[in-house]
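**Student:** Given next are the chains, with one letter for each unit.
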Amino acid sequence: MIPSSWYLILSAVLFTMGVAGFLIKRSLITVFMSIELMLNAVNLSFVTFAHDWHAVKGQIFVFFVMMVAAAEAAVGLAIIIAIFRTRQTLNVDQIDLMKF
Amino acid sequence: MNPVPDLYRILPEVVLTITGVLVMLLDAAMPKTSRRRVLGWVAAFGTVAALYASLLQLNLPAGTAYYGTVQTDGFSIFFHVLICAIVLVALLVSLDTFPRNNQHTGEFYALITFGAVGMVLMTSAVELLLVFIALEISSITTYILAGYRKTSGKGVEAAIKYFLLGSFATGFLLYGIALIFGATGTTQITEIALRIPGAQSQALVLGGLALMLVGILFKVSAAPFHVWTPDVYEGSPTPVVALMSTAPKAAAFALLIRVLWGAFPTLHSVWVPILWVVAVLSMTVGNIAALRQENVKRMLAYSSIAHAGYLLAAFAGAGTASITAIAFYTAAYAAMNVGIFAAITLASGYDDSLPLIQDFRGLLHRAPVLAGLLLFFLISLVGIPFTGGFFAKFLSFSTAVNGGAFWLAIIGLLNSGLAAGYYLRFAVTIAQPPVANPPELPTYRVGIAVAVGIVLAAGATLILGIAPGHILDAATSAAHSFPAAISSTLP
Amino acid sequence: MHLALFLIFAAVALAGAANLLLQKHPINAALSLIVVMSSLAVLYLLLGAEFLAIAQIIVYAGAIMVLFTFVIMLLNEGVEEKTHGSRVAKLLGFPAVTVFLALIASIILSSETHLGKVIIGESITTTQDLSAVLFRDLLLPFEITSVLILIAILGAVALARKDEQ
Amino acid sequence: MSIWLFLLLSLVKAVLVTIVFLMGVAYTVLLERKLVGRIQNRWGPNRVGPFGLLQPLVDGAKSFLKEDMIPSGVYKPLYLLAPLISLGCALLSIAVVPFGGPMTWHGMRIFAISDINFGLLFLLGVTSVGVYGIALAGWSSNNKYSLLGSMRSSAQMVSYELALGLSLVGVVLRTGSLRLSDIVSMQTVHGIASWNIFGGGQFFAFFIYLIAAFAETNRSPFDLVEAESELTGGYNTEYSSMKFAMFFMAEYGNMITVGCVATMLFLGGWSSPLGDLIPPPQNIIIQALVPLFWFVAKVFCFLFLYIWVRGTLPRFRYDQLMSFGWKYLLPLAMLNIVGTSLWLAIRP
Amino acid sequence: MDTQIISLILLAPLVGAILVALVPDRGKLPAWVALATTVVTFLFTLHLPAHFHYGQAGFQFESDCLWLPSPAIHYHVGVDGLSLWLIVLAGLLGPIGVLASWNSIRDRRKTFYSLFLIQQTAMIGVFVALDLMLYYGFWELSLIPMAILIAMYGRTQSDPGGPKAALRFFLFTFIPSAPLLVALLWLYAKTHTFDFTTLQQAIASGTIPAGPLCWLSLAFLFAFAVKVPVFPLHGWLTDVFAEAPVAMAMVVAGKLGLYSLIRFHVGLFPVQARAAAPWLLVLAVIGILYGALLALVQKDFWRLLAYGTLSSLSFCVLGIYGFTLSGLDGSVYQTLNEGIIGAALFVLFGLIYERFGTSQISVYGGLASKTPALAATFTIASLALIGLPMLNGFVGEFLVLSSTFAGASRTLAVIATAGVILSAAYMLQLIQRVFLGPISDIASNLEDHDRDFDLDFRERLVLWPLAVLMLVMGLAPALWLRAIEPAVQPASLPAQVHAARPTPPVSAQLVVSGGQQ
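Protein chains in written order, with our numbering: chain A, 1 to 100; chain B, 101 to 591; chain C, 592 to 756; chain D, 757 to 1104; chain E, 1105 to 1621.
Not one of these hints is a red herring.
Mimicking BS3-like on lysine-lysine, the simulated pairs with C-alpha atoms at most 25 angstroms apart in a straight line are:
id: 1; chain 1: C; residue 1: Lys753; chain 2: D; residue 2: Lys900
id: 2; chain 1: D; residue 1: Lys832; chain 2: D; residue 2: Lys818
id: 3; chain 1: D; residue 1: Lys822; chain 2: D; residue 2: Lys832
id: 4; chain 1: D; residue 1: Lys1083; chain 2: B; residue 2: Lys132
id: 5; chain 1: D; residue 1: Lys832; chain 2: C; residue 2: Lys615
Hints are computed from structural coordinates only; laboratory data are not their basis. Treat the numbers as computed from the prediction; the structure is a model and nothing was measured.
So that you can see chain A by itself, here it is in the shape it has in the complex:
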């Protein structure tokens, strides 16, 4: 028996790591993965809260987040492929045709 807050803290830490990844990673793909990490962290929160409240809705929310993540992955990776075709790079710092 452990407090729910442990799970929540874990989720917060993972989320923050995802944010950090979004900021420091330099390849489009890994930046995108960091976002996935954030979503996963949120999911953990949802499941924990669902358990806390005995509310199934929280779990269903996670289910929908997964579907959305899948859709996002399809589109995001398609964009990444398109960008690779035109620019031959995935480095965030070289995707800079437009600035301020």
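Take the given structure of chain A and dock chains B, C, D and E to it, following the hints.
**Tutor:** Leaving out everything else, chains B, C, D and E in the frame of chain A:
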């Protein structure tokens, strides 16, 4: 128990979905070589039908359907009509300007129609789960449309920036929803409002509110969550910018109202100061950055950030007046912005053949009608009386003053003075005598579609400025969909 | 036992996430993300969400991440380069991220007393429970999701497909 | 029952099942060689032991003893990891399969390592992770044939996984449970008439499953992943000795698993074709072994089918494979779901 | 008729603008349409003085209908003595403006004339609006056509000349209107009305605390002072004069700002206006001197005219903030004068510029012998500007100066009088350098052409009525003042004293004194 069949409550969404599917099926059924312009007409007619369906909903009593996930009321209908109208104009403009040899024409129109489903649903959803899905539909559509010029470096760059930052913001929104769910045990907006006062952990509620605000403010491109806007507008095809600078934003503002007034009315004193700061930041950052832009679309992007700021100023108002002002501003903003991007599409084409402000020099001498329309929309953006832009700004600031945010109104109006600088620079460039060898204008045959579209936008802008009565009434009745707002208006 | 399982898999998840941040090669990053996802699946099991645990594996590890590795392989993306931008991001980002974490953590800790305890096997949500809510109360979101998926397909085709000349 | 006893028993079952399973794998290989030989009008292995029965053992010994080469260009961590993933997933999936009757001892099922609520989903989950083995193997080999093979495999497996999963939905709809033993018990009563493939109306689903499963296991006619004539072996070109053997075992292990799934979901699992017409035998041992027999027999038939197909059908082209999966199989699977649910809804 | 006449006056140019936009761009067709419109409008405006009840305070020809219920904005228009002649003046300047642009606007005639007509609507709208929101609308609207036309037809060929002037003009006048709008909104929040008279009463009855009122009045003052312009806010004036098309430049300066100062600043905030008066008086006097001195040294006649205008507009400000009846009378009268004289001078400069293509004073000389009619008209207008007795300028300046001397401050009056002398200096110097003196190359070249360079029929049609008007207004100011006086009388009284303290009407004295000189 519920005398209205559930389906009536989502009729516009259903119509749009069917239209989208129809477009796709027709696209597949048409021979490969045939022109696909007709698909755009199908989509446009579908949108008109959806608009009509939204108007039909006026006959329904306000209420929810599908187990409290979706609600039709004056508010949702107002935004339904608005969004359908925007989508219609965007479609009409695309019809004549979308490149003929593009191999993804069918997808283009289908995507716009499906995107509209998400946008309209965002305004009527009262279940955060549905809100989330609808938001994602609208966002993902715009990510894709932003990257439609996929052979141009800027096009895909716009798409990837929009996509990554948008998904990032979605993460925050979700986390916010999770915390709210944790605090209240529900994700139904009206339920949340009921449970918040008794919630055991107010810290969770506040944290959730803040994170959700981050997510939604990103979608309306308010500073400091605006960084994506200029790049995306610059890189995306102009007819798409006409759509995505208005429709998703209108939906996002509707969502913001729905969430704040629907779920968090008791925390009014918390979110008003936050939005105060964001509003000031948005207008200031937007305007100052816009002053130094050379690219037309970037300039308008920053201007739209500033407009988000003016709009957010209205949140400082009290009760229904505030919501009325926001709804009205959204409509006016949509009319003039969709109009100006439509005009720019005509002048500079799908592929931006006139990207810079300087390229527009002498347009008034070369294409007076087009330039006149452009000037008209610019004047409205400045906020000169007898245009929708003025009236919207007037309402927004007057509700802010009424709500006691006197300084906000002053900062806002000073900002709109500042904004006049760059709008006028553009206007003046258009009016200036042309140079000796002006850049080629793209030769679009001004067809019936684009003419109707642009006239619709201009007419709306004018009517909103001269005879805003009816729309104001609609906005007021929209505002009366929120019991919390009504009760806070009463002394 | 619960404590042990939680600690082990939380540690694995954290290690995976840390590895994601530290790895230079995208494919390693992807694999560490899979590790995170799988350990999260185990945590879901501990929380009584069995369907989600498996869905996590099937959807995330089995579909989404496969797509990622597929694209990494397709583009043959190499090791990340260190650039000026990343240093700036680190300098600016870390304080911000730390503050953010501190805020969230303090929110959670401050409401710790109101939160419950997790007892293994205490409330298991079966697939039937899920579907009872999903196909009744949340029918509309479920149906609308199909539009989302359709859009994703359309978009992927429109963006990733090479146009014939 | 104490948790320690539970752990101990589980461990014993796991070890036993693994050993039997691996033996099964080895003899499936032999079976294939023999059968294909017969189909091609030759003998197949017949030198080692009677009828070549010891051939698998020698093959295994050879793989163990050969020099373990690691090419210099490979990306080592993943190169080493890939066969482990493959084999691991193949072994893992058998864990939820109830291969015998519902007999229990101290509250634990004897003929299943674990009979969980969502066994079917677990199987799908493990299958979906299995892709990584091949994908990473090809990529880390740093060889263009390997890479092509693994790209093909990931695309192919992801594509067919959809049809595979959807084809099972009909069965789940009919049963109302994801627990594999529930699915099987549902089909025991009237024997062959209540098997899902016939009585359950899942005939089409079975064929969709069959085809998708062939693709999922990269078996002929969908064995483009290793298509020797095009890719010189595909993803495993750079592998040798034990690591190669692990891939090999994984492939055949997957075949067996797929056979088990087909048996459980469509062919009535451990139940006899005659159902309850024959009263259960009194002897407890026989009572335990008869279902086991039926189960193994059905899996064997399925494996036979596998090999038969391999011996007769030519390989698909890659684009044919993809368009077949997306344009025919997937819609059919969906139609099946719609049909089944309609049938279930209309049925009194 | 009486209730609709104002709406008619407002609508006529607007309809004309639409007509101009619709007719084909063939030759002078748009110009003719515009001319017809402006003449019709002018005739409409003449209805007002004809049916005006003189000697009666308060608004006439009122028309009031609800435009929007919430916020309560009315379409409320009306005319009193203050605005009566300004409207007629605006109507008169319409045809004059069109005729003045007859030849100088050669391309994009449609755009030009539509915008010109819209500008006219906006200007008249400012004079008649009695709902503050409506007023604000017209006030802002008047900026747009101006800015666009300056940008389109910038006179100097130096590249960013026109656009730069347009931007300057717009920003200078638009930014101050932001505080004005906030002030209006605040007033509305407090009183729930935009109606002028209601607001006036509300403020007078003291429902609004003094602190905010002070800020409000400052916001109003600031917005109007820029538009006048009052000394140090005149930065836009010279550029606009140098760049704007003649027809537009002659309508922009003075009238709108001065009218608004009297109507809304003095009218709504009498107490605060009195508190600000000393500052404004000083600024006005500085403006008079500064403008005159700079005008004296200008090499370019547009700039000379700009500084001269600054100087003479400052006279009006001086008169307003003396708060004497005669001073206010004089200011309004001077505003009218400024409109007429300014228009005449603009047209004159415009046609000189059109003929010779330069605005450098130094290249001219000895034109009088070649173009006698031009020179004569020019001299009359200049003398009117200087304030020669019997011409209209005298009446205004005299009223302002004498009232300042008697009422506000003797020192200031003396300094301002110095400004009058300086104005004589720069105008006469200009006449001397352009029309008299040694014959310049430009003048001598004239003989090489067959063309007659003197005024042609069209130009006479424009200028001579103006000249006659200058004379009539100088001789019989009472004709005008009898309408103006009742309107400005309340402003001249101390705010606390509402009981009318009868003062002898200035107009009566003036007929005598004016006649004597």
